[in-house]
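Engineer: Next come the chains, spelled out residue by residue.
2 protein chains.
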Amino acid sequence: MNSNQYISSNSGASHSGSGSQRTRIHLGSFLPSLIRNLAEGISTRLAKTYTEEYQLTITEWRILLQLAEHQSLHAAQIVENTSMEKSKISRALSSMEADGMVRREVDDEDNRRQRLALSDYGWEIYRQIAPSVLDWEKQLIEGLEVAEYRDLLFLLEKLNERLKVMDKA
Amino acid sequence: MNSNQYISSNSGASHSGSGSQRTRIHLGSFLPSLIRNLAEGISTRLAKTYTEEYQLTITEWRILLQLAEHQSLHAAQIVENTSMEKSKISRALSSMEADGMVRREVDDEDNRRQRLALSDYGWEIYRQIAPSVLDWEKQLIEGLEVAEYRDLLFLLEKLNERLKVMDKA
DNA sequence: CAGTATTAGTTGCATATTCAACTTTTACCC
DNA sequence: GGGTAAAAGTTGAATATGCAACTAATACTG
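Protein sequences appear in the order of chains A and B.
All residue numbers for the first sequence refer to the working numbering, where the first residue is 8 and numbers rise by one.
All residue numbers for the second sequence refer to the working numbering, where the first residue is 8 and numbers rise by one.
It is possible that some hints are incorrect.
Said to hold, decoys possible - EDC-like mimics (lysine to aspartate or glutamate), calculated; alpha carbons at most 16 Å apart, straight line:
1. A/Lys55 with A/Asp142
2. B/Lys171 with A/Glu149
3. A/Lys95 with B/Glu155
4. B/Lys165 with B/Glu155
5. B/Lys171 with A/Asp115
Simulated from the structure, these hints should not be mistaken for lab results.
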């Protein structure tokens, strides 16, 4: 890692203790904004890859990704994996089922749940979109050194874990 | 940085070249999803800090942040800084003005634009919310080493730059 | 095993968001 | 300068979203 620029922190130099004296937020180092802005920028641009040619919404695309990754899921697992509202997911799934992309079957083991899976048509759409999406991501990543990319994945994961811990507290 | 876990990359081991052979996306290392999920998780949880006690929407809060940071802006600059839709910002500003948080004056130099600024009341709200928001962020960051935090800021910035470059291409 | 609590998912409804079309003003250019 | 293009915001109308209340099923607990 070769970052040596000075960045003033929102949480103070000591990086420990509790109770914030400072009442001014510095956006240049305010994590929630930085991450959200970046996410929005990435999503918006990437979405052009698939919303134009296919009529997928971003939400549907994200669900498609989940189902392609795990092949069989319950809605609650998608909620867990994506941090999206369950009502949002419920409606998106209905729409995707109506379009024939998704199959839903009541789970034998628990009749409240339903087993979700991509249909053949769902897979077909996925296969058509995935390559250009991967290509776009590749371009994005080419802005980073290999080590930086690895570190980034590690850090994102670490923050996710942190979020979970904070939820419990 | 002490990340030594193996993470398979979506863009292939060589990390160079162009044209993707692979048609399967691995969510564990797919940057758009990882970043978006994290952003969503952070925003949602943090929002509880200010939506419950004040009736700010996330959009309004983000605008508040912008105005507190730059003290005088045009709407277009908020669009630029946040990647939000200009109509979204337009309506949020109207609402914020109606609530007395924001002042809008037509810009002398260009009558299409308007000079935006927080009112005293706007600042008051900001001062009431900022501490707990900073506190929450501090808790989040405490999950990282100091060097990791620095690296993260660096990487987020680098990706933003990369996005801009890609837009031009 | 009865009664209560939890969980999975859906839905009503109010609000928020998007896209495109529009107004007004400024910039460009011959 | 006159005419066209571009930019800053606004707005109508369709859609998406979030919250809370709801149904149905399972889990817990005495």
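Engineer: Now tell me if each hint is right for this structure.
Structural biologist: A quick look at each hint next to the structure:
A distance of roughly 13 Å separates the Cα atoms of A/Lys55 and A/Asp142; the hinted pair therefore holds under the 16 Å criterion. Under the criterion of a C-alpha separation no larger than 16 Å, the hint pairing B/Lys171 with A/Glu149 is consistent with the structure, at around 13 Å. A hinted pair counts as satisfied when its Cα atoms are at most 16 Å apart, and A/Lys95 with B/Glu155 does not qualify at roughly 34 Å. Distance hint between B/Lys165 and B/Glu155 is fulfilled; the C-alpha atoms sit about 15 Å from each other, no more than 16 Å.
As the CA atoms of B/Lys171 and A/Asp115 are separated by approximately 50 Å, the hinted pair breaks the 16 Å bound.
Of the numbered hints listed earlier, those contradicted by the structure are 3, 5.
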